[in-house]
Structures are given as structure tokens and as C-alpha cells.
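A.B. asks: These are the residues of each chain, in order.
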Amino acid sequence: MNALPVVILLTSLLPAAVTFFLPQEQHAWRNGLNLGGAVIKLGLVVVLMGAVAEGIEPEARLPLAPGLDLVLRADDLSLLFVSLSAFLWLLTTVYAISYFGEKPELSRFFGFFSLCVAATTGLALSGTLITFFVFFELLTLSTWPLVAHKQDDQSLAAARSYVLYALPGSVAVLVAIIWLEGLVGTVAFAAPPDLSGVDRWSLTLIFVLFVGGLGVKAAIVPLHGWLPGAMAAPAPVSSLLHAVAVVKAGAFGIVRVVYDIFGVARVQELGLGTPLAVVASVTILWGSVRALQQMELKKRLAYSTVSQVSYIVLGTALAGPFGTIGGLVHLVHQGIMKITLFFCAGLYDERAGARRIEQLDGLGQRMPWTSAAFSVGAMGMIGLPPIAGFVSKVYLGVGAVQSGELWVLAVLGASTLLNAAYFLPLLWRIWFLPPQTEGIGATPIPFAAVDERVPGLVVPAMLTALTSVAAGLFAASAFSPLGWATLIAGGAYSP
Amino acid sequence: MTGEVALAVLLLGPLLAALGCLLAGRQGSTVALLALIAGAAAVVVLWDGMLRTGPIEVRLGGWGAPLGIVLRADGLAVGFLAAAVVVMGAVWAVARHDFATPRARDVFWPSSMLLWGALNAIMVSRDLFNLYVGLELLTLTAVAMVALGRGPGAIEAALRYVLYALMGSLVYLLGVVLVYHGHGTLDLDRIAAGRSGADALALGLMTAGLAIKTALFPFHAWLPPAHAGAPSPASALLSALVPKAGFVMLVRLWFEAMPDATPPAALAVMAALGAGAILHGGLMALRQERLKQILAYSTVAQLGYLFVMFPLVGGAGAGTAGAAEAWAGTQIGAFSHALAKAAVFLCAALWIRAIGSDRLADLAGLARAMPLSCFAFGMAAVSLMGLPPSGGFIAKYLVMRASFELGLPGWGLVLAAGGLLAAAYFYRPLAALFAREPPRVQRTPRLLEAVPLALALAAAALGVLSQPAYDLLQAGAPAYARGIGP
Amino acid sequence: MTVLFDLVLCALMLLAALAAIGGRGLFRATVFFVAYGITVALAWVRLGAIDVALAEAAIGAGLTGLLLLGAVARLRRAGAPEFPVRAGLVPALAAAGVAGATGWVALRVPGAGGLWTEAGEALPLSGVENPVTAVLLNFRAWDTLLESIVLLAALLAVWALAREEEWEAPVGPPLHARPGGVLEGMARLLPPVGIVVGVFLVWAGASQPGGAFQGGTVLAAVGLIAALAGLVALPRPDSGSWRTALAAGPAVFLLVGASGLALGGLLLFPPDWAKAMILTVEVFLTLSIAATLALLVLGPPQPRRMP
Amino acid sequence: MTVFTGDPLALLALVWPLALALVACWPRLGWRALDLLPLASLPALALAVTGGSGGAPDVLLGLVLAPGPEGRLLLGMVAVVWLAGGLFARGAMARGEGGRIAAFSGFWCLTFAGNAGVMLAGDAITFYASFTAVSLAAWGLVIHDRTAAALTAGRVYLVLALVGEVCLLMGLLIAATAADGFAIGAVRAALAEGPHGALAAGLLVAGLGIKAGMVPLHVWLPLAHPAAPVPGSAVLSGAIVKAGVIGMLILLPDGDLGIALIALGLVGAFGAALWGLTQENPKAILAYSTVSQIGIVLVLAGVSLVFAETRLPAAAYAAHHGLAKAALFLSVGLVLAAGGRWRAGALALAALAAASVAGAPATGGAAAKAIGKAGLPDWLSGAVTATGITTTILLVWFLVRLRATAAAKGVPKGGGRPRLLLWGPPVVLTGAALVAPVLLMPALGGPDPAYLWQGTNLVEAIWPVLAGIGLLVLLAPRGGEGARRAPLPPGDLLTLLPHWRRGAAPVRQARAAGRGLGPLRRTLESAAGRAEARLVRWRWSGVAMALTIGGLALLSASEPGVAVLIAPAGAPISLP
Amino acid sequence: MTGSVVLFVVTASALIGIGLWGFLVQAHLLRRVLAFNVVGSGLFLLFGALGWRGGGVDPVPQALVITGIVVALAATAVALWLVGRFAEETGRADLPEDRREDRQEKSSAGGRP
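Keeping their order, the protein sequence lines are chains L, X, S, V and B.
Reminder that position 370 of the first sequence reads as 370 in the working numbering, one-by-one numbering, no gaps.
Reminder that position 190 of the second sequence reads as 190 in the working numbering, one-by-one numbering, no gaps.
Reminder that position 45 of the third sequence reads as 45 in the working numbering, one-by-one numbering, no gaps.
Reminder that position 222 of the fourth sequence reads as 222 in the working numbering, one-by-one numbering, no gaps.
Reminder that position 78 of the fifth sequence reads as 78 in the working numbering, one-by-one numbering, no gaps.
Where hints are given, some of them may not hold.
Cβ-Cβ distance ranges computed for the label pairs, FRET-style [claimed, not checked]:
(1) L/Val454 - X/Asp48: 55 to 63 Å
(2) V/Cys25 - L/Val454: 18 to 26 Å
(3) L/Val282 - V/Asp35: 33 to 41 Å
(4) L/Leu417 - V/Glu97: 58 to 66 Å
(5) L/Leu270 - V/Pro216: 42 to 50 Å
(6) X/Val44 - L/Pro63: 20 to 28 Å
(7) V/Pro57 - L/Pro104: 52 to 60 Å
(8) S/Leu107 - X/Gly153: 57 to 65 Å
Covered by chain S, according to a simulated footprint, are these stretches of chain B (three or more residues, beta-carbon under 8 Å) [to be verified]:
(9) 31–38
(10) 41–50
(11) 68–76
(12) 79–87
(13) 92–99
Worth flagging that the hints you see were computed from the coordinates, not collected in a lab.
The beta-carbon is built from N, C-alpha and C at its ideal position, and this holds for glycine as well.
Make the full structure from the sequences, and use the hints.
C.D. replies: Here you go:
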């Protein structure tokens, strides 16, 4: 059982390693390999879930140097993230296979793609800070070629700005980790370090470094500049990037730092919860305002991610049981909703050539399934019941009140309105406006020729849309993300 | 005795092979291969033997110090011997295709064997003057390789290199003279056992001399043109291995020969020079337009990393776990730099073969044409940036942690900044490789592309298998760098 | 009296050095340098180090001077910079500082006494009577072995300067010795003498001052004169026999050193066989050193421009 | 996993319309999706009669469907209104454009689900979810015609609805936190006593008030009602605004908050009625009438808050208003669709419904007022009676305008005999409005129906109506239509606002960090370049070398190395 | 004898200083090589003088000095041939960075091509 986390990691890592060396023409092998890995992984994650639910926490350890062990360990928090990434990996792989068809450079793409998922998995299953950092960096590195995949100027510029932001962030995290470990020794999540002997200012600075460094990935304002540009990547990448991989890694890291390193009580004692909440709130609002100004669909979605991911941080910062649950559950909810939106954005782009929002006009007629899925995602983002986003919002709101941070409610409210302001016009255009008569985009696709019926693209979008409805509708069920999040929060607050 | 035989193979083998290459002419590479195989076997034997019985000591001619010369293969030495044989092997594989003309062939193969022999000699020698002779041999072979370069700047670069090297050796030798005067011996351990009023100046002189040879900032100006001007496989040797010889000598000098003459302030000066190298080299690398120049300035910067160790190992933290971490981290960093830097230079070698240029603009789009080597370049760059999972990361991590543990976070932060600079200057070639338009390329055998990949993977593997490296480095480490680990 | 002699000697050395460093005209500076080398050799004689004196005279002054003169000739047409480039105070202070500190420390710090005793005690076991030779070829044979290799490396570096298309040409500059001229006459006369002197130096090195390096230098000089006179054809860098000559000495040294492993240790010369082994090494080494030095002076193959 | 508990009918009332909404999406259905509309509210109607409750613990955060008496009453009313509206729509809109009709049908069912949900909700989350559904889906009803007016109205409606959503949710969250649970009762208690209860209650009033058409948050209403198709207007005014009302009734705690409600209610009751007189469009006039009537409901609700009494009277008044107002809206459609004597009949039907709204004697309106006034203090009772005057004036004005509009439109093709589906629903609704309150009077805490026939009460019911008519005759502008000033646009307060710009002002994005670092990087790089140019010259290298030598030597000589403190074995020793 | 030791040590140091100064300030490459040799011989002389006792010099420094002389010769040869090749290619006997006319340009352009 202890080997299970390693095996789960390998289900992504091995396909990645093999895919790199597959000749370009071996489409069947490559697809089989990646799909197989994804399916096996999902299965194993379910097994792991069972184990963790029974209270077993498998752990595998690889000593590197003294005080530097790579530890893979599954606890309930990591499982939340792993299951999300396993599920979405499978769907994204299906989507990506259909999306790319037999385009060139696919071995490279899928290699890095699987590597990216492996990094996310590793990050989720990390048992120590340094393990976390190792995978955190692997993630940075493996996503770069994905962002640059199209290899045009825009992609390369986006990739450049990504690295420009990510690496200083990594350095900050590394400094924070090493500083902390220099003070209290190796830090494992299972046994939070004893920080009582450390002076206040060091702790504060370390915390700021952590949040600053992880905040780059989590796209906290003003460290978010890379994210909107990164939408230049192919749709499956954007989907993964925005839903599970990069931004989530940052948010997940902040969650880990707050709960498993500092502990909620200490964060409050240091007076850091409120500033963090303020930062998250500013991000939420700023991201929304910027999204409102975007006329390109994927850019708008990207800024929406900026805004939404900070819900997670906000929940963490609120440092109460409900806030925690809200933040954690949003980790999952935002993932499935945002991936739906990006799947659909990819569909609009690929099948109708629509990239700008005015090009969406009337597409609901020709692409009803896509548009339905998109609508679900968009309404979920706004927080309309019974879609998943609503549940997050409720918990965050209650968390805010619990913590006495009533102003957070205003932020949530304003964000809801802003979300509505930039999503509803999209729905309006898709469903209610007449189609543009001339073709869309650079190489016009005649409106009548628009055809969404590519199962590999539509079905994943539909599935994630359904999942986000189910996650919200059956939130009270024990097996829902909310159920898991509640379980985790119980752990965080029981001692 | 096995250890001694293995050592003899590593010391005499390359020299004999060099003579063989000289005589064999066309078959030079075959001779070199035989020597490399023997050398690799010897390294394995030595490593194994050393882990079982501790450092292997040979008193040449049976004399021993102070009259004779003592060789000792400790963990540090064996580590570098291993790195050298791996890099040499990789360079061999690429150079076999690269040095086709009689002149290049006839000079390169003997010179490369001599260079290897000189490196091996330096790594195990415990005698200050013997180290000097070894270093001279190393320098001259390195100059020969630079002079082999075809570019217009190669001669100038070689000339500048020689001038620096001449002055460096003289200043070092002056220090040796003072040490002999003060101690009546040249043996490192015997020097450590006594004290002399001449130590301070001798340390200063020898350090300055070695700093010049190691291209430590601010004495690095000769290195970039030389390493950029040499034929690329030779550059790999020069950048990956040659400066490490001077570094190892400095380490031996400061921590083994004269630990009592190295107060914190002096150690801090060394680290400050290292910090200067990191920042200056990084910034200069950012300015370059040619790949090999970037790589050469990167070497300047990376050498700076190694010197940050000084106040951490020898300072107030001596004897603590932090010191051991800094020691191991730095040496692991040196190993992984050797592997990774050789990998990137070999990539450059392949690319210059394929497109005839190493200007960044000309590299555009190479990722599509030569994916394997570009991947290798990327992986090696990751190690050089100090990002996980790689030896470079473990190195940076250990040293940084030591700096924080010992309450000297400034040095750790310099490392962090250096990592950023490295990312910045490696980004440009990487981005160029990844651009869309593939250039016209001559076909390169896939197997050849696998060579830098193997090196890059080795550098990455060092990150995962750093525990054996750590154990190795603990063998024969100075007492105050021998920690038990947290 | 001796002090006065020393004073004069030292003054001469300093003057010659200053003239060599600061003298106007390259040729003159080089000549002063040779003169300086000879005064230094004298100083070594004064110090009673005849081995070093021989080496300094033959190598430090002689061969180096020869190399410098050749270089002066080659650089005649090169654009020369002003002299000195700018004699600022700071470099002068820096140089004076380093030198002064060295001298001061050297005088202030009591010497540890060197290795007189150890060398003396070990001498009977070394197989030779000359302690310097014992150090060179036995106690610190590894140094000497590397040193002989250093020469080879230097030759490789020099050869690396050849142009690709000239690799097949003979080494050295084109020579135009008049047949029957003075040079030829001298060249016919000198070699036998030189060879005798060289061989003697080697042979004597075991018990008296002299040795492979000094002997090799003399042989090299002889060879050079013969070559200049056109008596010996200049070899090509890829000449097999010459390469054998270059490699023989170090190779024998290496093999003998390695054979020590069978006898109890690396580079071990058992006292009984030491003399024979060292002599064997020395003979081959002299040959190789002579060849190497001569080729070093001749330099890489150079363009043959028809007059 | 428990699917549901309690009465399955409760769940069915909610799920059934949702399922129908999905069915309406079936593209083949086209305009025939209208057939679904009347079906939507049947289970809810049954539930209102049987009065069951239930829940689904796994759904949302534990779905609880437990209507109180007010909820049950309003649920029944709402179900009837939607049923009638659905039938009318089936009659009026058949054979329209397929896709649009299907969308209308989908929104219809969804809106109804929400409308039923708010009445059924037993927990705050269910209430909020339903409220959202009824609010946002109703937008689809408003914009159905896609005219410019409809779209503007839709936008205003949507913005306000969303703001209302947010206020409601925030208020609920504060309260639920204090209550440590989402049960309606607990939430209400927490609003009264918990921390930040006043703030939460304020937010709730705002959120619910927007929906209910409470002055001054009513501005969407006069825009949306005329813009929507007739059945849409009917359900909007009759049923949907009651979602706000029910919220106020079941969520707001007893206390002084009621005073605010009374004040706002009075302003609305009179102000809106007067403002409605400026309107020409009969549906706009009806909309202002709705605002005015809701004002009365608010007064009643406020009183029940202040005196901690049952909310049933307010609910009863609202229920009657729903029926009557829906009947009025439908009759607008009927009048316009009818010709000849059929039109006269339709106008008479409208007048009947209007009389009921005005509280004419022996109507359901009088009964509702009687129920309401039962607990009122005298001065308030008088005020409520006085609203009869304004209401009468407004509704007569409505009838006048309706007749004029119909006349202007002329007689429709086909002789003017409307189909059963057009006249049946308004007739039924009018009937219900006239009779149901009277029948239910005792059950709703009012006096016995006989009360209505007592002389004084008759007089009290009739004088406002007469006074209104009299006033109208006195004040009516002479000189016919032409002399009237140009009508004011609907939307009153909204027109006072300056034109609001679309979208936020452009915000300049902070320059990318990389670009910001550019100058610094260039400076550093060129400094490094200059240093490099120096260091390559021996002049400088040599000096640096000398300095290094000297510096290290001096430092080294100045104090012993620290390493000497460590004995070879690793044990520290002390310096002598 | 002590007096002579002092004399030789001082002279050797002075030679080192002279050579070093020459190395630093000379631009002509041949003069640099020459200066290097002056430093070298001064250094060797210092070694000898310090090992001087009675009628001879400590044999170990003697041997080391001989080795040093040979190594210095090797380096000198390489340097001189390099200077020759450099002059052949560029027509100059000095490095660009030491040329006065270039200095202005160098410091402003920063770095070599």
C-alpha cells in the first residue's frame, strides 16, 4: 500500500518518458499510452481514496541527502487534489487527442503534458516541503513547452513572461523553505513543525515569501501578469493550466503552508490572515474587472481564473472551518467549471473559428451542446445554484462571517456581480443574438458549416459540465467534493 | 594494492594513451577509448575500495612525505575522477566525429588524454609543487585545445589565456616557495600540522594564483573568449573540467593545508568573489549573442557558486551539520556542473556541425530538427539553473540551507539570485530553439544526439541519487566538514 | 670579498633585468634578457647549485633567448604598441607591494630548514649520488615525469597553431643556409662535440651536476644548428620516427614507473636496481627532451613562400 | 445516499417543472413546447391542497421543503396563476417562431420551479437557490419579444436581480452563520438576535425588496411588465414578485424593522399609484399598480413584524393581489385580441378584476383588506382604506387607456371572437380573485365572510372607490387626448439617473514586471560590460591580483582561522 | 653569510617586482613574455636563496627549480609561438584591450565582440 503513491505518480511519469521517444507517426501508441495511463491512474486514485478513507496514509520515501528526503504521502488533502487532477487528466487527454488529431510535434506535446500531470500529482502527494518544491519546479518546467507549443511569437512571448514570473516565485519559495528548514529542520506535512521557538519577524517574512512565491503560480494580483498571456497555448493546455496544473498548484501550496506548516492558529496569531484575505480580495476584484475589459474569449476566461483562484486563497485566509471548506472545495469546483469553459472555448475556436466574443453570436444554434456546457460553466462561475460554484460561495461567505470579516461578504458580492457582468453577455450572444453573416475569424468558416459534433471534444466538456452540476446539486452527499473538504477541514480543526 | 593499481591506471593510463595517440595518428580515438574504458573501470574499483576502507593513500616510490610525493584518493578526488571519466567519455563520442582533419586529430587526441591525465593527477595529489606541475600540464593542454579553434578570435583567446595562466602559475609558485620556506615540506597534511608566519602571505599568493587559473571573478576575463573560441567538444572539456582543478586545489589549500590561516573575514572574501562571479557572469551572459559565449559566461557564474561554500564550511559553523551540507552541496554542484556544462557544450558542438553557426538567431527552430539534443540542452539548463530535479538543485539547496542554518543567509540569497540570472540567460537560447521556423540542417546521427542527453540525464540523476554522492564526499572530508546530517 | 662579489652580481642582475624589461628596442631587450639569464646562472653558481646553473644557462637563458630572438624576427613587421603602455603609479605600487611583501616575509619568517637531512638520509637508497638527481628522478620522479609530459603538451600546443593546409609540411620556418658557408662548417664540427657533451651531462648527472634536461638541451642545440645548416632535413609533424623519438622518453619513464607496481609500489625503484632503472629512464628521456625542445624552437609548420 | 424524505409530492412539485424545462430544450418540439406550460404547475397545486412537506438531504446543502401557512397559501395562488398563464400562453403564442418559443417555454418552467421553490423552502439555501432561479429565469420571459424596450428592460431587470441575489445571499450567510445552520426558523431567529443581525436584515430587505418591487427598488418593474408578452407579465406581476414577498414574510424577524417596511410601503402604495397616472401603456399602469399594491402588502407585513403577529394577513392580501393582477394582465391580452362585443365583455371582466383590486364591496379584494386591517392600528387602517382611492383612480385610468389602446389597434382578424384558451384563464382567475379570499377568510385569521355584508363595512369598502371615481372625473384633463402632456417614460427613478456608461472605465494595467525591470537590467548589464572591459586588461587584473593577495594575507594574518578551533576528531578545543 | 642571503633575497624580490611591473604595464606581448621570465627566474632565485646553507642549496628546491625552469620554458615557447601567430593574423603585437586608441570605444561599448 505504501507504494501506491509512487505507482500513481508513475502512471503519468512513465507515459511521459516513453512518449518523448515515440516517433511522431505512432499516433495509436501514443494515444493508447496516455489514455491507458490516465485510466489506470483514475482507478488507482479510487483505490487510494478507499485506503485514506479508512485512515491509512501510505507513504514512500527516497532519501536524497541528509535532511533531504523525497516523500510521497497520501492524506486527505492531497487526495482531493490528486483525484481532481486524475479525473481531469483523463478528460483532457481525450479532448487533446481529438483536438490535435494528427498534427505535428505531438510526441513532444504529450510528453510534456503527461509530465505536467505527473508534476501535479507529485505536488499533491508531496509529504515534505522540499518534495513539494521539487514537483513545483518540475511543473514550471514542464508547462513552459506547453505554453510555447504553437511556437509563434505570441506563444513564445507568453512562455517567456510565464518563466519571468514563475522563476522568481520559485526562488522566493525556495528561500522560504530553506529559511524555515534552517530554523526548525526538515518540514513534513504530516508533523507540522514546532514554530514556537522562532521569532515573529522571521516567521512573518517566511510566510510572506511563501505566499509571494506561491502567489505567482496562483496568479495573485499583482503577480498574475503571466496568466492571461498564457492563454495563447492550445486549448487542452489552457484547460489543464487553469483548472488543475499551475494556478492550482500555487493555491494548493498556500493551503498547505497555512494548514500544515504554520497552522491556522499561528497565522492568526501573527496577524497574517487578514492581510492575506485582503490580497485575495483585491485579486478577486481586479481579475474580474480586467476580465470585463477583455474582448477575447480565452483572455476573459483567463482573468476569470485570476479572480476565481483567489477564492481558494481567501478561504484559507479566513481561517475558520467554513472558510477552509469553502476554499478547499473551490479548489475542485473551480477546476471542473473552468475546464469546462476552456474546453468549450477550444471548441468554439476549433470548430467555428470564434475567438473574440462578438464572434460567438448565435453559435448556440449550431453548437448547442457546447453552448450548454459553456453556460453551465459560466453560471457556475457566477455562483448560481445549484452549480458547484454556489456551494463554494456559500461556504466562503459563512466563513467570512464566522471570522468576523464582514467586508469579505461585500467582496464576494461584488465579485458575483462582476462575474455576471462578464459572463452573461457571452451567454446572451451565444444564445440570443443572430449569427454574424460573414464568416468568423481569419479563415472564415461559414456559419452553416459550423459543426460541433466531434465526440472527443464535446463529451469531455459535457462531462465536466455535468460534474459541476452534480458537485453542486449533491453537495451534501458524503462523496461530493464538499464531503471531502469537510473531512479535511475536520482534520485541520480537530486538534 | 588494488586501489594503488587503479590509481596507477588513472594516472599513468592517460599519459601512456596520449603517447599512444601521438604514435597512432589516425587510430588515436581508438587508443583513447581503450584508456577511457580502463579509466572507468579503475574509477569504479577506486570508488568501491574507498567506500570500504576509506581514502586510499599512495606514497610514490615508497618515500612518502616530506621527501616524496603522496597521493590520496579521498571522496572529493574520486568524485571528480568519476565526473572526469564520464565527461571524457561523452566528449570522446562526439569528438570522434568532429576532429576529422589530420592536424585537429593529431593534436586533439593526445592533448585530451594529457588533459585528463593532468586532471587526475591534480585531484589526488597531496603535494603543493606536484599540484603546480599538474596544473601547468593542464593549462598547456587547454591552451592547445583553444588554439585548435578555427575562429578568428581563437588565437587571441589562447594568447590571453596563456598570459593569465603564466601569471597565475608564478604567483602560485611564489606562495609555494614561501610555504616551503616556512614549513620545510610541501605535503598538505604536514603543512596543516604546523604553523608558520609565512602562511598568511603564502595563502594570499597561492589563492590569487589559483583564482586566476580557476577564472574566479575578477580574474575571469580570459575564460569566455577561450571557452567560446575552442572547438566545441574541447570547450566541453575546458568548461566542465579544467576550472575544477584550480577549485579543488583551493579547497585543499584552504581547508586541508591551512585551516588555521583562514579566519571568517578571509573566507567571506572568497565568498564575496564568488558572489561577484555569480552576478557579473550572469549579467554578462545576458549580453551575449552567441551560444557558446553565453555558456562560457555561465561557467564564470557557476564557478562563483562553488566559492560561496568557503564561509559556510570553514566559518563559525565548522564541524556542524551545516558545514557538511555546504561541503557536499558544493561538490555535488561541481559534479553536476561538469556533467551539465559538458552536455550543453556538446549540444553546441552538434548544432554547429548541423547549421554552421552558434548565433542565437541562427539556432531558431532547431527544436524541431534536432529534438533530442534540444531536450538534452533543456535538461542540462535546468540543472545549471539549479531547478529540481537535478544535481544542481540539490547542490543549491544544501548550500542555501547551510547558509540559513549558520545564520549567513546573505550567501544563500546570492545563490538564489544566481539561479534567476541563470534562468534568464538560458532562457534566450531555449526560446530561440523553440521558435517556429526550422533552419536547414545537416543530418546528425541520432546516436550522437543521445550523448549530451545521457550527460544531462546523469546531471539530473545526480539530483535523485545524491545520497551516494554525499556518502562519497564524506569519505576523507576534513573533520569540520564531516557532519552527521540532521 | 664574497659580499662584494655578491653585491656586484646582484647589481648586474638588477640592471640587466631593468634593461630587459624597460630597454628601448625589442632586440636590445632580448639581448639584455640573455645577459640577465647568464647573470642569474652565475648567481646559481655562486649559490653552489651547479645543476640549476646549468639548467638556467642552457634553458632559461639559452633556449629561451633563442625563442625570443626568433620571435623578435617574426614580429619585426607587426604593429608595435607604445612603450610602456602607460606607466601609472598604481601598477607600480601593486608590483612593489607584492614583491616587497614577499621579500619581507621571506626575511622575517624563520625558515624551517628544508629537507637537507631527509634527502641526505635517503640518498644511499636512491641509486644515484647526486642528491638533485635523486630528488628529480627518484624522490619526486612523478614531478619529473609530468614535467617531461609538459614539454610534450607545449609542443602539441605549438603544433595546434599550424594551419590546416600546412600540416603536411616540415616544421619550422623555411631555411636558406648557403651550402659550404660558415654555418655549415660549424654545423659539421659542432654536433659530435655537442653530442659528447650532452651524453656526458646525462651520465654525470647521476653523481655530479647535470642530467637529462641539461643534456637534452645541449643535444637539442646541436640538432638545431645542424638543421639550420641544412644538414638535417626538418621533419614533418606527422613523421612517425620523430614522434617515436618524442614519445620514447616519457613512455619508458611511464613503463618503468608502472613496473614499480610489480616491485612494491608505483614509481618505486628498489635500491638494487635503482641506478639501472634511472639511467635507462634518463637515456630515453634525454633523447625525447632533445627532440621536443628542438621542435619547440622550430615551431609549427609554416608557410613556404618561394623567394 | 438518501434520495428524499417525506412527501414525494413535495419533491415532485419542484423536480417536475425542472424536468419539463429540460424537455422544452428538445429541438424537435418547437412551438409545441407551449403544451408543457400548463402541466408545470399541477404537482405544486396538488401539494398546496394536500399540504405535504419533504426533503432531500443529499441535494445542495440538504434540501428541505417545508412550507409554512403563508408559503402554502402563496404556493396555491402561484400555481393557479402559472396554470392560467400557461394556458393563456398556449392560446396566444401558438405557432410562433419555434426556437424562441421553446426558449420561452424553458424559461417558463424554470421560473416556475423557482417560484414554487421559494414558497416551499424550509432552509435558506433552498430558498436562495429557488429565488435565483425565479429571478434570473424570469429574464427570459421579459426579453421574449426582443424589442429594444424588451432588451433594455431585460438588462435593467437582470442587473437589479443580480444585485438582489447578492444582497440576499450575503444577508442569508450572515444570518446562517449566526444560526449555525440554514433552517429558515433558525435564520430568522439569528436575524433578530445574532451578531450583525441588523445588517443582515437590511441586506435581506434590499434583496427581497428588489424582487418584490418595493419602493425605491421597484424601477425594473414598470419597465419589464409592459415589455414581456402578456402571459409573462401576468406571472411576473401575479406570481414572481411574490417571491420577494414570501421572503420577507418568512425570513424577516419581528421587531422595529417593520416600521421601515411600513414607511416604504406607504410611500409605494400612494406614490406609485400617482406616478402610474402619468403612464399611457395599460401594462405600465398595471405595473405601477402592482408596486402600489405591494406597498400595502409591505405595510401589512411591517405591522405583523412590529406587533409580532402572524404574517398570514399580508400573505392573504398578496395572494389576492396575485390572482387579480394576473387576471388583469391576461385581460389586457384578451381585450386586444377580441373585437366587438367580445371586447366589451373583456373590458367588463377587466373592470371586475380591477374592482376586486380596489377592494370594492363584496369582492375578494374587500375580503383581503378586511383580513389585513384586522390587526392594524386605526391610523394605518385608515391609510390602507385610503389606498382604495388611489387604486381606484389608477385602475380606472387603466381601463380608459386599455379601451383607447384597443380602439387604436382596431379589430383583429377573424371577427374578434377569442379562443377559449384566451378568455378562459382570465375568467377563472377573476373568479378566483373574487371568491377565494371570501371563502378563506376564517381560515386566514380574518373575520367571518358575513362581515363584508355589514353596512358600515360596505360603506367603508365603497367610499374610497366612489371617491376615486369622483376625483377622477373632477381632475380629468379636459380637451381630450391631444391636450395631455407627453407621457413620462416608465421607470421613474431610473430616468433620474444620468446615463450610465457601459463597462468599467478603462483601467491601465500595471506594466509587466519584466518590462519594469528592463532599465535596471540594462544598467546592470552595461555596468558589467564596463567592468569586463577593465578586467581583461592586465593593468587592472594585476592590481586586483595584488589587492587579493594583500587582502587575504592581511586578513589571514590578523586572526587565527576558525577551523583551528576544531580538533581533527571533530571535537572543539579551546584556543590557548 | 647571512648578509649574502639577505642580499639575494632582496635582489630576488626586486627581480620579481620588476618583472611584475613589466607584466602589468607592457602592452607588447613579447615584452610581457620576457617579463614573465624575469619574474620566474627571480622567483627561482628566491627559492634557492632561501634554501641556501653553507656551500650549497637544499637539493629539493634545486630539483624543483629545474622542473620550474623547464615548465617555464614550455610555457614561454607556447606563448611566443602564439604571439607570432597572432601577429601574423592581425599584424599587431599587442592585444586589443591594451591599445590606447581603442580604450575609449571599449569602455563605452563594454565587452568584446
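A.B. asks: Each of the hints needs a verdict: does it hold here or not?
C.D. replies: A quick look at each hint next to the structure:
Checking the proposed 55 to 63 Å range against L/Val454 and X/Asp48 shows it holds: the Cβ atoms sit about 59 Å from each other. The supplied range of 18 to 26 Å is met by V/Cys25 and L/Val454, whose beta-carbon atoms lie about 21 Å from each other. Distance hint for L/Val282 and V/Asp35: a CB-CB separation of about 52 Å, inconsistent with the stated range 33 to 41 Å. L/Leu417 and V/Glu97 have their C-beta atoms about 32 Å apart, which leaves the hinted 58 to 66 Å range violated.
About 45 Å separates the C-beta atoms of L/Leu270 and V/Pro216, a value consistent with the hinted range of 42 to 50 Å. Distance hint for X/Val44 and L/Pro63: a CB-CB separation of about 23 Å, consistent with the stated range 20 to 28 Å. For V/Pro57 paired with L/Pro104, a C-beta distance near 53 Å keeps the hint of 52 to 60 Å intact. For S/Leu107 and X/Gly153, the hinted distance range of 57 to 65 Å is not satisfied, since their beta carbons lie about 45 Å from each other.
Given as covered by chain S, the region 31–38 of chain B passes the check, having 6 residues with a CB less than 8 Å from a CB of that chain where 3 are the minimum. Proximity of the region 41–50 of chain B to chain S, defined as three or more residues with a beta carbon under 8 Å from a beta carbon of that chain, is established by the 8 residues found. Residue count for the region 68–76 of chain B with a Cβ under 8 Å from a Cβ of chain S: 8. That meets the three needed, and the coverage hint holds. Given as covered by chain S, the region 79–87 of chain B passes the check, having 7 residues with a CB less than 8 Å from a CB of that chain where 3 are the minimum.
For the region 92–99 of chain B, the stated coverage by chain S is satisfied: 5 residues place a CB nearer than 8 Å to a CB of that chain, which reaches the threshold of 3.
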